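2 protein chains.
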Amino acid sequence: MFINPEETTSERMSEPKQEGITAKKGQDFDEWYTQAIIKSEFADYSPVSGCLVYRPSGYAIWEKIRDATDLEFKKAGIQNAYFPLFIPERLLRKEQEHVKGFAPEVAWVTEAGDSKLEERLAVRPTSETIIYEVVRKWIRSWRDLPLRLNLWNNVVRWEFKHPTPFLRGREFLWNEGHTMFATREEADAEREQIMGIYRKITEEFLALPGLMGKKTDSEKFAGALASYSIEHLMPNGKAIQGPDFHSDGQNFAKAFDLAFVDQKGERQLVWQNTWAITTREIGVMIATHGDDKGPVLPPRVAPIQAVIVPIVNEQTRPAVLEVAMKLRDDLSASFSIKVDERDYVTPGRKFNEWELRGVPLRIEVGPRDIAQNQVVLARRDTGAKRPAKIPDIKAEVGKELDDIQRNLLALARERLASNVRSAGTYEELKALISSAGGIVQAPWCGAGACEEKVKQETGAKVINMPLDQNGTPGPCVACGAAGHVIANFAKSY
Amino acid sequence: MFINPEETTSERMSEPKQEGITAKKGQDFDEWYTQAIIKSEFADYSPVSGCLVYRPSGYAIWEKIRDATDLEFKKAGIQNAYFPLFIPERLLRKEQEHVKGFAPEVAWVTEAGDSKLEERLAVRPTSETIIYEVVRKWIRSWRDLPLRLNLWNNVVRWEFKHPTPFLRGREFLWNEGHTMFATREEADAEREQIMGIYRKITEEFLALPGLMGKKTDSEKFAGALASYSIEHLMPNGKAIQGPDFHSDGQNFAKAFDLAFVDQKGERQLVWQNTWAITTREIGVMIATHGDDKGPVLPPRVAPIQAVIVPIVNEQTRPAVLEVAMKLRDDLSASFSIKVDERDYVTPGRKFNEWELRGVPLRIEVGPRDIAQNQVVLARRDTGAKRPAKIPDIKAEVGKELDDIQRNLLALARERLASNVRSAGTYEELKALISSAGGIVQAPWCGAGACEEKVKQETGAKVINMPLDQNGTPGPCVACGAAGHVIANFAKSY
Numbered sequence: 020m021f022i023n024p025e026e027t028t029s030e031r032m033s034e035p036k037q038e039g040i041t042a043k044k045g046q047d048f049d050e051w052y053t054q055a056i057i058k059s060e061f062a063d064y065s066p067v068s069g070c071l072v073y074r075p076s077g078y079a080i081w082e083k084i085r086d087a088t089d090l091e092f093k094k095a096g097i098q099n100a101y102f103p104l105f106i107p108e109r110l111l112r113k114e115q116e117h118v119k120g121f122a123p124e125v126a127w128v129t130e131a132g133d134s135k136l137e138e139r140l141a142v143r144p145t146s147e148t149i150i151y152e153v154v155r156k157w158i159r160s161w162r163d164l165p166l167r168l169n170l171w172n173n174v175v176r177w178e179f180k181h182p183t184p185f186l187r188g189r190e191f192l193w194n195e196g197h198t199m200f201a202t203r204e205e206a207d208a209e210r211e212q213i214m215g216i217y218r219k220i221t222e223e224f225l226a227l228p229g230l231m232g233k234k235t236d237s238e239k240f241a242g243a244l245a246s247y248s249i250e251h252l253m254p255n256g257k258a259i260q261g262p263d264f265h266s267d268g269q270n271f272a273k274a275f276d277l278a279f280v281d282q283k284g285e286r287q288l289v290w291q292n293t294w295a296i297t298t299r300e301i302g303v304m305i306a307t308h309g310d311d312k313g314p315v316l317p318p319r320v321a322p323i324q325a326v327i328v329p330i331v332n333e334q335t336r337p338a339v340l341e342v343a344m345k346l347r348d349d350l351s352a353s354f355s356i357k358v359d360e361r362d363y364v365t366p367g368r369k370f371n372e373w374e375l376r377g378v379p380l381r382i383e384v385g386p387r388d389i390a391q392n393q394v395v396l397a398r399r400d401t402g403a404k405r406p407a408k409i410p411d412i413k414a415e416v417g418k419e420l421d422d423i424q425r426n427l428l429a430l431a432r433e434r435l436a437s438n439v440r441s442a443g444t445y446e447e448l449k450a451l452i453s454s455a456g457g458i459v460q461a462p463w464c465g466a467g468a469c470e471e472k473v474k475q476e477t478g479a480k481v482i483n484m485p486l487d488q489n490g491t492p493g494p495c496v497a498c499g500a501a502g503h504v505i506a507n508f509a510k511s512y
Numbered sequence: 020m021f022i023n024p025e026e027t028t029s030e031r032m033s034e035p036k037q038e039g040i041t042a043k044k045g046q047d048f049d050e051w052y053t054q055a056i057i058k059s060e061f062a063d064y065s066p067v068s069g070c071l072v073y074r075p076s077g078y079a080i081w082e083k084i085r086d087a088t089d090l091e092f093k094k095a096g097i098q099n100a101y102f103p104l105f106i107p108e109r110l111l112r113k114e115q116e117h118v119k120g121f122a123p124e125v126a127w128v129t130e131a132g133d134s135k136l137e138e139r140l141a142v143r144p145t146s147e148t149i150i151y152e153v154v155r156k157w158i159r160s161w162r163d164l165p166l167r168l169n170l171w172n173n174v175v176r177w178e179f180k181h182p183t184p185f186l187r188g189r190e191f192l193w194n195e196g197h198t199m200f201a202t203r204e205e206a207d208a209e210r211e212q213i214m215g216i217y218r219k220i221t222e223e224f225l226a227l228p229g230l231m232g233k234k235t236d237s238e239k240f241a242g243a244l245a246s247y248s249i250e251h252l253m254p255n256g257k258a259i260q261g262p263d264f265h266s267d268g269q270n271f272a273k274a275f276d277l278a279f280v281d282q283k284g285e286r287q288l289v290w291q292n293t294w295a296i297t298t299r300e301i302g303v304m305i306a307t308h309g310d311d312k313g314p315v316l317p318p319r320v321a322p323i324q325a326v327i328v329p330i331v332n333e334q335t336r337p338a339v340l341e342v343a344m345k346l347r348d349d350l351s352a353s354f355s356i357k358v359d360e361r362d363y364v365t366p367g368r369k370f371n372e373w374e375l376r377g378v379p380l381r382i383e384v385g386p387r388d389i390a391q392n393q394v395v396l397a398r399r400d401t402g403a404k405r406p407a408k409i410p411d412i413k414a415e416v417g418k419e420l421d422d423i424q425r426n427l428l429a430l431a432r433e434r435l436a437s438n439v440r441s442a443g444t445y446e447e448l449k450a451l452i453s454s455a456g457g458i459v460q461a462p463w464c465g466a467g468a469c470e471e472k473v474k475q476e477t478g479a480k481v482i483n484m485p486l487d488q489n490g491t492p493g494p495c496v497a498c499g500a501a502g503h504v505i506a507n508f509a510k511s512y
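First to last, the sequence lines map onto chains D and Z. One gets my numbering by counting positions in the first sequence from 1 and adding 19 to each. One gets my numbering by counting positions in the second sequence from 1 and adding 19 to each.
Take the hints with a grain of salt, since some may be wrong.
The list treats identical chains as one, so a pair stands whether inside a single copy or across any two.
Below, in silico cross-link-like pairs of lysine-lysine (DSS-like), each with a Cα-Cα straight-line distance of 25 angstroms or less [as the list claims (entries may be wrong)]:
id: 1; residue 1: 58; residue 2: 44
id: 2; residue 1: 156; residue 2: 113
id: 3; residue 1: 113; residue 2: 135
id: 4; residue 1: 94; residue 2: 357
id: 5; residue 1: 408; residue 2: 58
id: 6; residue 1: 156; residue 2: 58
Hints in this document: simulated from the structure, not taken from any laboratory. These numbers were taken from a predicted model, which means no experiment stands behind them.
In isolation and in its complexed conformation, chain D is listed as follows (with noise of 0.2 angstroms):
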């Protein structure tokens, strides 16, 4: 996988077929993912193992996550900036429990030009170091702080895992947030507001629910305190981690000597925060509202939101064509308009290739609709047809769009919602884990053993802890002791 596979000219040279996908999502959701990411042309293998191309379609995508993400952070008063993509090997090692948890899956730059360097750089796996470092400087007093800063950017790790399409790579792209605050009251009310953002924006744009919760110490960020994470689920009942939020406390202060003078004129270290989404979502996002004709868009994502295919022949096909560019000319100032105007390509086979490239609307128009003044829209999630006056068409579209947008997040909670269930007892969470899959809340002790002891018996982990916890928790599901908390559990990515 993501092997650029050999291909001989005389086989390039020929005209493509027209092929769909062959997978069924239900029987190899593998295969059919794969299939989903590739031909319909959102990503394609590179010639460097586990690293991903992004062809148009797929980075259109994470345009539009970028840019609804970094409206959210500049409303909340948020900076971007752009720290090097090389970090020195003595800065990585400054923190331990950072450097423990990141040098095995390092890049590292050796050599430049004809010359070996003398010391390694770590092409960033992330970029804690680095900038507090730097920042250091920029701050002296309470006055400067806090100092919440941001980067979108590309960065490194050298998986040794499986690669899979958006899911897991070694190279990916990212938020990175990195706030510094004097107290630690105010670090943590950051929470809320960060992962309100990161949930806004994967249900209100990506259509995707999730579970919010705590992570455990065993799966929490290298050096941070604490870890929240945002847990998808996974049409093969995996689950499988979105945006997160790491509370780092003073870590990375104490080995950076992060300190700015108090309001008493006292010397203290800054309390300190990052977080993340990642182009993972958009392959959980494919995955999720995908059918087995290919990816569903969701409208807010989706980088054509409608696109118009007149039905025509020799004959038709002026008056025909010139309704349809009238048509986008109308609809193009509100929504993302394509007209697929080729003429040695069948209406069916458009058809197909708009369905396998996940456009959520379609627009057929044909002389017969243009003689009742109205055309047919078809929706690419449910699959229906109905007509619309033309005169009508912006509401129209806008009313679909908007319908298959609550669709697919109503289809997507209602899957998750079923996927959720809760065990009592060991036996119950084995039965569940290993015939239904899916999450299962159940008590839990919090000692590491027992997290482990699930793990290695019943190939779920803790993938996090939900915040509210209700009431108090029965007996732990691994060793019977006190339950110290309602954990969910599940096979993971």
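Could you slot chain Z onto chain D? The hints should help.
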């Protein structure tokens, strides 16, 4: 330079002194430039020699350049994509001229985690080779062309020359356009469109004029048939290359077997172009418009277009702040506005700080102004101050900002025009380069030996050759043989 200066904790813990720029632009330009970047907080040094930290106000300028340029690209039908950061060594070596040009500056990843890689990976200095290796599969027929891709990303060129913030560094941000056409004519026609976009961005946004022209063979892009550039003139009399465009012909197509079937069913190689604008423009812009107080930002790229400074004492503060906030609310729909409400900094110091940061317009508001239903507008470019009635504030601010934008471009154009001189003989050329600096237009026979002779003896190279050549040039200034072209000679960054 670019090295993080050591600083003790006690130094950091003291309150910073208010310190403006101490160097005079006209006397010690290099020192002035460095202070204008660092003290104005557009950028900072990093622990990696030659790699810059873009602080929020510097990065915000890049976001504005990127967004304005991207809008033009999208209007032209160009699509964004993302390709991997790493390029396997064997790919980089596929085009001979290309690898010869870039290999001396490549940063190599040779290790990942604890493993030594089997093949070195180049951190992309530019992405031609990996793009062409991948898109070969996307192009089969003439119907797949043109394919016009663009990337916004970071690249690394491990230069061993002296780094200068924004102007020359080992990592920079840019766009790299990569386009493929069925015919040479179509490929060539793109040049005017793209260079037109770059001219629009540099002139209308950055207020930077430049000389457009063709590069000589010795200065063209490694692997291209011909390169074109916009050359700016720095205040120290040296030229600096701005955005560029490369006609790659079929060089890369041959090396990467980038072929398609044409309308007659015959196999053809594609014709290619590549083009770029980089973060260097930020530095040229700051250098060009700044004065002894620091940078002067053109309003269309200024992160803050106008700052409102309340002129208050303890008694008048609440009432004046209320008016200031109301002004901000009224203006914020159209402009980027900040109210400096700090109560621990004097208005005079605020004036200095915002001048140092290059904010184009200051709006002063005090009790006496309010009594007259007015504010005072103070321009950063001219220093001129005038009252403006509060009910007309939106129109008045818009007028001043437009005027500042126009004025900065007009001044820069005047300076450029007055620093482009003509020479008919070698003596004249030498005298002009050594006395006045700037750009000298002189006839050249086109021989590399003459270009090299001038460079060795005067320090000036052919920065480019104007596209419009009026009339027949005189004899070559270097050898006296028939002149082929009027060339732009200059000392250059």
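Hints versus structure:
no., hint, result
1, 58 to 44, "within (14 angstroms within a copy, 57 angstroms between copies)"
2, 156 to 113, "within (17 angstroms within a copy, 45 angstroms between copies)"
3, 113 to 135, "both (23 angstroms within a copy, 24 angstroms between copies)"
4, 94 to 357, "between (32 angstroms within a copy, 14 angstroms between copies)"
5, 408 to 58, "neither (34 angstroms within a copy, 61 angstroms between copies)"
6, 156 to 58, "between (50 angstroms within a copy, 12 angstroms between copies)"
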